[in-house]
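Mind docking chain S on chain R? Use the hints.
Protein chains: 2
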Amino acid sequence: MPALTSLQELIEALRALPGVGPRSAQRIAYHLLQHDRSAATRLGEALLHASGEVRHCARCNTFTEVEVCETCQDPERDPSLLCVVETPADQLMVEQTLTFRGLYFVLMGRLSPLDGIGPKEIHFEQLIRRISDGVVKEVILATNFTNEGEATAHYLAQMLKARGLKASRLARGVPVGGELEYVDAGTIARAVLDRHTL
Amino acid sequence: MPALTSLQELIEALRALPGVGPRSAQRIAYHLLQHDRSAATRLGEALLHASGEVRHCARCNTFTEVEVCETCQDPERDPSLLCVVETPADQLMVEQTLTFRGLYFVLMGRLSPLDGIGPKEIHFEQLIRRISDGVVKEVILATNFTNEGEATAHYLAQMLKARGLKASRLARGVPVGGELEYVDAGTIARAVLDRHTL
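First to last, the sequence lines map onto chains R and S.
Numbering-wise, full-length UniProt numbering puts 90 at position 90 of the first sequence, and it's gapless, one number per residue.
Numbering-wise, full-length UniProt numbering puts 7 at position 7 of the second sequence, and it's gapless, one number per residue.
Chain R extracted, bound-state conformation (with noise of 0.2 Å):
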């Protein structure tokens, strides 16, 4: 077996890309170098970049390339508004609603104690140093809505109230522009508990 050739292990490489299998990444690498080598190099040299400068913001948790990101550091945003979420990605999410004026905090993760990641993982002693400022008055948690999400944001919940701070939870409803045919029951059971009055 010869050794890998440089086409090869781009094709390898390319697989750790998020649903890209042996078909995608054959068809990839060779859509790259046949028509677009300079974008093939700027993308290498994107990725080593962005790999060695992005790190966690220090009061957040968030990607930043300082010490502290900019929306830690905006003097706009109300402090007292903590939004927490599982990853950048979340944070992301929601800051592109454009709704949310306050700080957020990435927990990096969410409790999964059969995955062994339990508060430590989710960087909880942070969490509690980061509400325990005397500004943070509402604490929005904003984990997802699975299993894992909701266990985290119960948990938190139980240990926001015995400080008490005040804690909400996003609104689970009909999305927008959906039809309550195709909705599940679930879904549609949660919208009429947390229906509003007009």
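Careful, some of the hints might be misleading.
Unchecked claim - Facing chain R, according to a computed beta carbon distance under 10 Å, are these residues of chain S, among others:
(1) I11
(2) L17
(3) R27
(4) I28
(5) L33
(6) H35
(7) A50
(8) V54
(9) E65
(10) V68
(11) C72
(12) P75
These are computed hints drawn from the structure, not numbers from a lab.
All residues carry an ideal CB built from backbone N, CA and C; glycine is no exception.
Frame of chain R; chain S shown alone:
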């Protein structure tokens, strides 16, 4: 507007991947940085290495890292059979069928006068030199069954016949596993015309 962060640069660069829009690029970037930074580094290096090392075989134009590719140098192959394909990816597809033991010639394109791609761009002169070696007896035209691929095959077939060489074309017909009900009429018509006696 501040300069792009390395994360934003990575998201931009990822859009060079085929089929990746702004949203997928974002998801891929966050996935790599959250879950698999060593794979990101490895992919970055593989891209730079392949972009720098991979060039075209002097004989058949396919991707290689040496002057003449492995396939062209393989003494086990039948040099009297030459398969003409549009791209290295097409060559790989034919190769993976394990049914063809001749050699290849990669056009690196197909005739497309509207896009300014004429005989020169598809290495026509080089193909003529290649088939004039006195060894090639049959040229299998395996360009795509698109309008442009068909036109290219037609053009090459004329040229080959004028030089007394045998030109053949891949068969068209019902795909393996195909059900007539779901196959288009044009394909069935070709399958009837190209039927073989049992």
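Now the hints, each set against the structure:
1. I11: holds, 9 Å
2. L17: holds, 6 Å
3. R27: holds, 7 Å
4. I28: holds, 6 Å
5. L33: Constraint on L33(S) satisfied, holds at 6 Å.
6. H35: Holds - the Cβ of H35(S) comes within 10 Å of chain R, reaching about 9 Å at its closest.
7. A50: holds, 4 Å
8. V54: holds, 6 Å
9. E65: holds, 6 Å
10. V68: violated, 14 Å
11. C72: Since chain R brings no Cβ nearer than about 15 Å to C72(S), farther than 10 Å, the hint is violated.
12. P75: Since chain R brings no Cβ nearer than about 16 Å to P75(S), farther than 10 Å, the hint is violated.
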